[in-house]
Amino acid sequence: MTGGGDLEKKMRLDWRQYSVDTDKEVDKINLKFVEARDDIEAAMESKETVYFDEEAECARASVNEVLEMYEGLLKTLPDNQRSAIQRAMGLKIEQLKAELAQLNED
Numbered sequence: 001m002t003g004g005g006d007l008e009k010k011m012r013l014d015w016r017q018y019s020v021d022t023d024k025e026v027d028k029i030n031l032k033f034v035e036a037r038d039d040i041e042a043a044m045e046s047k048e049t050v051y052f053d054e055e056a057e058c059a060r061a062s063v064n065e066v067l068e069m070y071e072g073l074l075k076t077l078p079d080n081q082r083s084a085i086q087r088a089m090g091l092k093i094e095q096l097k098a099e100l101a102q103l104n105e106d
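Be aware that the sequence shown starts at 1, since it is given in our numbering, and climbs by one per residue.
Among these hints, one or two may not hold up.
Restraint-style ranges between C-beta atoms, simulated for each label pair [to be verified]:
#1 Asp23 / Asn64: 17 to 25 Å
#2 Lys28 / Arg87: 28 to 36 Å
#3 Val26 / Asp53: 31 to 39 Å
Derived lysine-lysine pairs resembling BS3-like cross-links, with alpha carbons at most 30 Å apart [as the list claims (entries may be wrong)]:
#4 Lys47 / Lys97
#5 Lys92 / Lys32
#6 Lys75 / Lys97
#7 Lys47 / Lys24
#8 Lys32 / Lys75
#9 Lys24 / Lys92
#10 Lys97 / Lys24
Treat the hints as calculated values from the structure; they're not laboratory data.
Bear in mind the structure is a predicted one, so any value in this text is a computation, not a measurement.
Beta carbons are placed, not taken as given, at the ideal position from N, Cα and C, and that holds for glycine.
Can you build the whole structure from these sequences, using the hints too?
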């Protein structure tokens, strides 16, 4: 009977490790998200200056990195966790895309 208990324990540990790894990746994405928003803000503030093109390119690169990290994480998750992450982070990601679009329009 202990064999089944060992398997159950291993599954719990695997799940926990997976969740910790996912949490770490979400934390990395959140940190990069803040950086990307700061970069967008800096670019918006530099409009009509000689620094705008450089600031805007930096903002685009930061946003693209966030999007790649987010999409990469989603690809690694099972459906139930993917849905939870999309609910938790989806609006922020769409906000970031909208802010970048605004930067590109102006």
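Violated constraints from the hint list, given by number and in increasing order: Violated hints: 2 and 7; rest satisfied.
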